[in-house]
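S.K.: What follows is the residue order along each chain.
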Amino acid sequence: MPGARRQTFDHLSADERAVVGVAEDYDWAGATTVAGSARPNVTQFSLRVDRELLGQLQAIAHARGVSVSDVARESLERYVRAGGRPAVANIQVSFRPDAGLLVQVEGGRAELAANRRTASVDERVPAGEVGPSTY
Amino acid sequence: MATFDDLVFHPDFEGHQSAAGRRVVTVVEADQAWYGQRTFVRNRRRRAGRYLMIGRTDRGRNITVVVLGTANPGTWVAYTAWDTKPGDA
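Sequences listed follow chains A and B, in order. Per my numbering: the first sequence = residues 1 to 135. Per my numbering: the second sequence = residues 1001 to 1089.
Derived by calculation from the structure, the hints in this document are not laboratory data. The hints are all genuine.
For lysine to any residue, the following SDA-like pairs were computed, each having C-alpha atoms within a straight-line distance of at most 25 Å:
(1) B:K1085 / B:A1019
(2) B:K1085 / A:S13
(3) B:K1085 / A:A31
(4) B:K1085 / A:G30
(5) B:K1085 / A:D25
(6) B:K1085 / A:D15
(7) B:K1085 / B:I1063
(8) B:K1085 / A:T32
Whole structure, please, built from the sequences with the hints as guidance.
M.R.: Below, the structure written as structure tokens:
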């Protein structure tokens, strides 16, 4: 048993050692080498999430008739495409609650900023002169 | 001889390593090694860690990955990893 090999196992945490064991446990003489293979363009990993989040993913998946994996994958893709920033897909802003006006702005932060002037105009509309109560 | 088709990653694959204070072998690096030429060393004891997978990343980092068995033959779970030292392989 080479000393370096035993030394490697000395650096395992106690939790790891309970799973991995020690160098002497392994059949080093019977090691098998496997040739490389084509690497697929997909890989798989598991994710630990809150039960509440899993429940929400399941509800969305059920409503859309897709799998939880599909919803999780799509969420990750959107997050990555947004450069790791929280992408706001749907912002709901209420103005002049006394007038019952509800403005719903679709899009991200930049789009919301672009819509600010419109929102300001809406705010200046006197109560009672607003047409439809909801847009 | 077991078959080694698919590798999936334990949620704390990298966390196990950092908790032990080692330089982390990333999920991407372990995935690279899995599809290159690699050597499997069987654990003779009945532990969750069934095999050591010793391989090399695209950048030439020699790593050892501990893989656990699953209910699906051929599919393995990467549990933790470390840098392979000379004499390990």
